[in-house]
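Using the sequences provided together with the hints, build the complete structure.
Take a look at the letters that make up each chain.
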Amino acid sequence: MTDTVTAPTSVPEDSRLKDTWLKRQLITLVIGFVVVAALPLILGEQAQTVAVRTLIFALMAVAWNIMSGFGGMFSFGHAAFFGIGAYTGAYLLVDYGISPWISMAVAAVISASVGTLLAYLCLRYRLAGSYFALATFAFAQMFLLLVQNLEVFHKTEGFNVPLLPRDSWWMLQFEKGSPNYIWIPLVILALAVLGTIFYVRSRAGQFVQAVRDDETAAASLGIDTMKYRLIAVASSCALIAVAGVYYTQYYFFVGPEQAFGSAVSVEAIVPAVIGGIGTIWGPVLGAAVIGPLSEIINELLRNPPGFLGFLDGAIGLDVAVYSVILILIVIFLPKGIFGTIRERWFR
Amino acid sequence: MTDAATATAPVKRRTLSGMNPAVGVATVVVVIMAVIYLVGGKDQGLVTQSLVSGLLLGGVYALISVGLTLIFGVLGIVNFAQGAMLTMAMYIVYALSTAGLPVYLATVIAVPLMFVFGMIVQATLLTKLTISGSHDGPLLVTLGLSLLIINVLLMIFGGRPKSVQAPIDGSVSILGAVASWPRVLAFIGAALVAVALTAVLKRTPLGLSIRAVASNSEGAKLVGVDIGRVYALTFGIGAACVAVAGGLMTPFTSLTPSVGEQFTILAFVIVVLGGLGSVVGAVIGGLVIGLVQTVGALFLPGTGSLILVFAVFILVLFLKPEGLYGARR
Chain F
1 MTDTVTAPTS
11 VPEDSRLKDT
21 WLKRQLITLV
31 IGFVVVAALP
41 LILGEQAQTV
51 AVRTLIFALM
61 AVAWNIMSGF
71 GGMFSFGHAA
81 FFGIGAYTGA
91 YLLVDYGISP
101 WISMAVAAVI
111 SASVGTLLAY
121 LCLRYRLAGS
131 YFALATFAFA
141 QMFLLLVQNL
151 EVFHKTEGFN
161 VPLLPRDSWW
171 MLQFEKGSPN
181 YIWIPLVILA
191 LAVLGTIFYV
201 RSRAGQFVQA
211 VRDDETAAAS
221 LGIDTMKYRL
231 IAVASSCALI
241 AVAGVYYTQY
251 YFFVGPEQAF
261 GSAVSVEAIV
271 PAVIGGIGTI
281 WGPVLGAAVI
291 GPLSEIINEL
301 LRNPPGFLGF
311 LDGAIGLDVA
321 VYSVILILIV
331 IFLPKGIFGT
341 IRERWFR
Chain R
348 MTDAATATAP
358 VKRRTLSGMN
368 PAVGVATVVV
378 VIMAVIYLVG
388 GKDQGLVTQS
398 LVSGLLLGGV
408 YALISVGLTL
418 IFGVLGIVNF
428 AQGAMLTMAM
438 YIVYALSTAG
448 LPVYLATVIA
458 VPLMFVFGMI
468 VQATLLTKLT
478 ISGSHDGPLL
488 VTLGLSLLII
498 NVLLMIFGGR
508 PKSVQAPIDG
518 SVSILGAVAS
528 WPRVLAFIGA
538 ALVAVALTAV
548 LKRTPLGLSI
558 RAVASNSEGA
568 KLVGVDIGRV
578 YALTFGIGAA
588 CVAVAGGLMT
598 PFTSLTPSVG
608 EQFTILAFVI
618 VVLGGLGSVV
628 GAVIGGLVIG
638 LVQTVGALFL
648 PGTGSLILVF
658 AVFILVLFLK
668 PEGLYGARR
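If you read the protein sequences in the order shown, they are chains F and R. Be aware that the first sequence starts at 1, since it is given in the working numbering, and climbs by one per residue. Be aware that the second sequence starts at 348, since it is given in the working numbering, and climbs by one per residue.
These aren't lab readings, by the way, just hints derived from the structure by calculation. Glycine included, every Cβ here is placed at the ideal spot set by N, Cα and C. Watch out, some of these pointers could steer you wrong.
[Unchecked claim] According to the in silico footprint, chain F covers these stretches of chain R (three or more CB under 8 Å from chain F):
1) 463 to 477
2) 501 to 511
3) 606 to 617
4) 637 to 651
5) 654 to 660
6) 663 to 672
[Unchecked claim] Using C-beta positions, here's what the derived DEER-type ranges look like:
7) F/304 with R/446: 26 to 36 Å
8) F/128 with R/549: 51 to 61 Å
9) F/146 with R/525: 25 to 35 Å
10) F/39 with R/446: 46 to 56 Å
11) F/146 with R/508: 48 to 58 Å
Here is the structure:
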């Protein structure tokens, strides 16, 4: 009898349940934050735009990862929710002069509601795997077509954000090259990662991972599978909508393709896959690889060194390179860069 | 093992009552068309014209979708690169025709090239993932492949639109509607390929092993089918189908590296409508979607009619996710 009582101790402990895990994540977050926050002080203007793009990538991938990595619902259409954010921000600012900070909250609510509704329908009708992915893809395409055909969203022309004469924290506009443009998305990203860390440890996070790993078993233990999945979807959609709002404010322009195009969904997926799906740091690491890499390649194409002269003027090489990386990672490192390192390190 | 066998058995089963779903779909389509014709308030000549162009377009859609559905049915993977492979075939035809070959001869050459390309892709990139049975992996690899093909084409040919002249020009009158010869030829070619493909699947030893792997890959392996080879051949056939479609479409398509993307999406819609894995379903789905798109354009101009296509897609996903001819996976 004593054997059966002591048996549970032999169950391997989940490192996430120990506080050292939390401490380690928080320390990593603080160090990373400080390092990146110092970047604008040493970077040139061109490198800054790369940094901002990388941060937006990271934010999108972190958002995608909540739903598709931890939640196991593979979304192929996160452009839908990014686009809702980008268009909400643009519409409220251009037509009503409302601050992007308020738009972020509004966009998060709209996007989370739409996402929850769509996911509810998909899950209700038991779409899984490829079917789920294709359904999300179709939703994103439908939004793209709707926006392209609605006068209120300026059809294919999109929105131009008016330039203000001087700096404004409220309207999120600063002098060109201001470090604020990096610090703002960095703070948002840090909060998003912090949120993910606590989410993964929380009941909701643990439950949704249980549902991902074995839905039948989780349901038989009394977990409300629908509820916890929808929580993951709602947070994911809300977060990527915030990224969308910031995108419009930074580039001063948004059109249907930049907001809802299938390339946007790809931009949310690729960093997460390269870094490691279902890990906290994977999406951030993936974005840190992809963002600068595509810029380096583009730079190489603009001023090719002698032996690469034949590439002069070629376009598309950056995407070609990252698609090769994507294919190789999926085949050889299915857990992504971070996932693989973690596996070797903390075995 | 018996569990697996009974679980996969319904895949091959036809619908319950034995009634062909095509009859139902055809009835619905005919009724809708009749309503548009009689009370739609549209010029009748215009409606006839859209009907004819819709069917002609649908034939080509069907051809692209047949390849996709075959790959899904046998390998269980959704080939996201189907549209990009279509573009690739079109550029091969373009390159050969600028070298002096007539378009339709160039198509005949492009088909085996794409077949080999498909086989290589499957053998090198996908077989391991296919056997492991994950669905994200192949989706991501084919997504990467799609981006790779599009951007390599962009690097080689640039982004400027290209066009190819068909050797046979002019148009033919069908029921008072005008249809250009290249489009009619594309439809005839698509029909011939669909018939040939069905014959191969039904009557040849290769078709038998493909069907065996599709219904139960474990079982097929046990009785000595080389499933790696069947996978590669299937993907090759899927690629060859888009090569035919691409070749036949080049005369009436403005070629850009991203031209195929919209067809990936449409092919999914069609394949889901027909039932993933069903060749007959893909043909009927193709014709239906072609009609929805062109007839819908009477009411929603521009890209608006594609919204109808997606509405159909989502309705089908929710109401009958197994499609007209498929079984649920």
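Here's how the hints hold up against the structure:
Look at the region 463 to 477 of chain R against chain F: 3 of its residues bring a Cβ nearer than 8 Å to a Cβ of that chain, three or more, so the hint holds. Here's how the region 501 to 511 of chain R fares: 4 of its residues keep a CB closer than 8 Å to some CB of chain F, so the rule of at least three is met and the hint holds. Chain F is given as covering the region 606 to 617 of chain R, and this holds because 4 residues of the stretch bring a CB closer than 8 Å to a CB of that chain, at least three being needed. Counting residues of the region 637 to 651 of chain R whose CB falls under 8 Å from any CB of chain F gives 4; the rule of at least 3 is met.
For the region 654 to 660 of chain R, the stated coverage by chain F is satisfied: 4 residues place a CB nearer than 8 Å to a CB of that chain, which reaches the threshold of 3. With 3 residues carrying a beta carbon less than 8 Å from a beta carbon of chain F, the region 663 to 672 of chain R meets the three-residue requirement, and the given coverage holds. A hinted range of 26 to 36 Å holds for the C-beta pair residue 304 of chain F and residue 446 of chain R, which are about 28 Å apart. The given range of 51 to 61 Å is broken by residue 128 of chain F and residue 549 of chain R, whose C-beta atoms sit roughly 31 Å from each other.
Distance hint check: the CB atoms of residue 146 of chain F and residue 525 of chain R are about 32 Å apart, consistent with the given range 25 to 35 Å. Against the hinted window of 46 to 56 Å, the Cβ-Cβ separation of residue 39 of chain F and residue 446 of chain R comes to about 51 Å, which satisfies the hint. A hinted range of 48 to 58 Å for the beta carbons of residue 146 of chain F and residue 508 of chain R is inconsistent with their spacing of about 26 Å.
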